[in-house]
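Given the sequences, and given the hints that come with them, work out the whole structure.
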Amino acid sequence: MFFKILNKLSSHTNHNVKNHEIIFHNNRYVTDPIKQSNLFANHFSSYSHEVQPIPLDYSTENEFLNRNIEFWDLKRAISKTKNSTPGADNIPSIWFINLDDASLLKILGMLQQQLDSSVLPKAWKHTIIIPIPKPNKDKTKLTSYRPIALTSVFCKIFERILAHRITHFLTSQKKLNPNQHGFLPFRDNHTAIYKIYSAISEARKNKKFFVAVSLDIKSAYDSVHVDDLILKCLQLGISGKATKWMHHFLQERSFQIKWRNFLSNTKTSFKGLPQGSVLSPILYVIFMNDFFQTLDNNVECSIFADDIFVYCSHHSLTYIQTKIQNTLELIHKWCCYWKLTICPEKSAIIELSSKQVASFPRITYAGIPLPWSESIKYLGIQFSKYNQNGQILRSLRNKALKKINGLKMLGYKRNGPRTKHLITITNNSILSLFFYSSPIINKFSETHLKSCNVIQTTSLRIALGVPIWTPNIILLKLAGQEILSGKIKRLAIQFFIKQLATQPFSALFHTPDRIHSQLVEKDAESLRITFRNL
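Residue 130 is where the sequence shown starts when you use this note's numbering, and the numbers rise one by one after that.
Among these hints, one or two may not hold up.
Listed next, the in silico SDA-like pairs over lysine to any residue satisfying Cα-Cα at most 20 Å (straight line) [unchecked claim]:
1. Lys303 <-> Pro410
2. Lys396 <-> His354
3. Lys484 <-> Ser330
Taking CB as the label site, the calculated pair distances span [to be verified]:
4. Ile183 <-> Cys472: 23 to 29 Å
5. Ile277 <-> Asn557: 18 to 24 Å
6. Tyr448 <-> Pro596: 56 to 62 Å
7. Trp501 <-> Ile603: 47 to 53 Å
8. Asp229 <-> Pro182: 39 to 45 Å
9. Gln485 <-> Ser213: 50 to 56 Å
10. Lys506 <-> Ser232: 44 to 50 Å
11. Ser232 <-> Pro182: 34 to 40 Å
FYI, nobody ran anything at the bench for these hints, they're computed from the structure. The beta carbon of each residue, even a glycine, is placed where N, CA and C say it ideally should be.
Next up, the structure:
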């Protein structure tokens, strides 16, 4: 509840619910909730159409993926199930959490039968979709809403068992490209951001140009063709009855829109990965795995879910132009083959080196010139050609200051939250912005780190309700906190030690031909000091 209040207070958008009661479509206003729900259903089903099936062979069995489900598999899957809204069957997660072992054994038998037969209950293939307005968009337009899906909790438990097996198989057998980040162990947003930042720093150190392209795939999850995905699974060795079950699970799914407590007519989806599905993230990773085959020599790429960041560094800008252009042409062919669409108008290109550029070369995608930008955002981090560290820090500070304004309105209320709750809000909503970027903020100057500390002390003074002249050392003692710059360094060291400990699977140290360290000098020195002091 506190975070909902804080987000509303720190946002300057109008939260008038009355706007949601009117939908503008085909030059007319629609107010009837049933008609509105059917309009949403038609809009979201427009992404899907019946496709021609391709022949698939499941006969090859993968013993690891298709082994019998064990009791501990079920217990682990239930323990990781979130207390979210149930799907069409109205069975909540708490129901499974409170079952005794005898009941769980019956559930286990049902799930094993599901795996063996590949016959799914209808409720498992049915989704309730709730349209949620996008921030700062016209709420009378259908395109201003994103779908939030409610699926069966029972089905999610089974999906989680399969997802764990698939992820373990792909990572242990090293089937995935090391530049795939997200939804994978040891490869998260921190590794993705650090690799990009390190590549930029290396190019600047060696006086090279650095050109990066951010690509946006239109309706990424909704555009995946099921048979194409299953074919890629089979090519990676994911086969047998588990793959057959997933194929049936993804085919001809049904959904309804829930809008203002009314349900739309039932629609059928013939393609796309279901929103809210536990399997969808790892399946999308599989679908994108061969994307890296489109890269020309010396061109690198980082993918986090549907965020694609292609980059190249060299002493010659003409060389980079040729390499990037060749790569974009191959990407276009790849997208056409797998029936995906990249939006050139939502994509951008930027030069991030410290060198001066007289004129930017013309680089196109599908014949459309990509716009050159002065800054580019990837996974929430604003990369800029000029004063990059300052720009990143300024972006984080601006986000933090908006939340601090909301914290003031909460903290100065006579009957507002207690101090411990305000400190929790400070840590989880404001300071977490800096925790998220700790691997790269760690390399900033001491002046930049001190400005981070100002954000922390300002927030804590509001949370504790103490005067502005209160010494920082007393402030931190009262709040039970460590100084923010110190915690950033500690989190960064923990991040690097984790990468060293998991080196065979780490995205930072693994390349197709050899194991090598990509730590910049400052990070390597920090590790040496840390180990020396142990």
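Hint check results:
For the hint linking Lys303 to Pro410, the alpha-carbon distance of about 18 Å falls within 20 Å, and the restraint holds. At most 20 Å may separate the alpha-carbon atoms for a hinted pair to count; Lys396 and His354 meet this at roughly 18 Å. As the CA atoms of Lys484 and Ser330 are separated by approximately 13 Å, the hinted pair is consistent with the 20 Å bound. For Ile183 and Cys472, the Cβ-Cβ distance of about 27 Å falls inside the hinted range of 23 to 29 Å, so the restraint holds.
Judged by the Cβ atoms, the range 18 to 24 Å given for Ile277 and Asn557 holds: they are separated by roughly 22 Å. One distance hint, 56 to 62 Å for the beta-carbon pair Tyr448 and Pro596, holds here, with the actual separation near 60 Å. In this structure the supplied range 47 to 53 Å holds for Trp501 paired with Ile603, their Cβ-Cβ distance being about 50 Å. Remark: the range hint 39 to 45 Å for Asp229 to Pro182 is upheld by a beta-carbon distance near 43 Å.
Checked against the hint of 50 to 56 Å, the C-beta distance between Gln485 and Ser213 comes to roughly 52 Å, which is consistent with it. Taken as a hint, the range 44 to 50 Å holds for the pair Lys506 and Ser232, whose Cβ atoms sit roughly 48 Å apart. Our hint of 34 to 40 Å for Ser232 and Pro182 holds, since their Cβ atoms are close to 39 Å apart.
Of the numbered hints given earlier, the model fails none.
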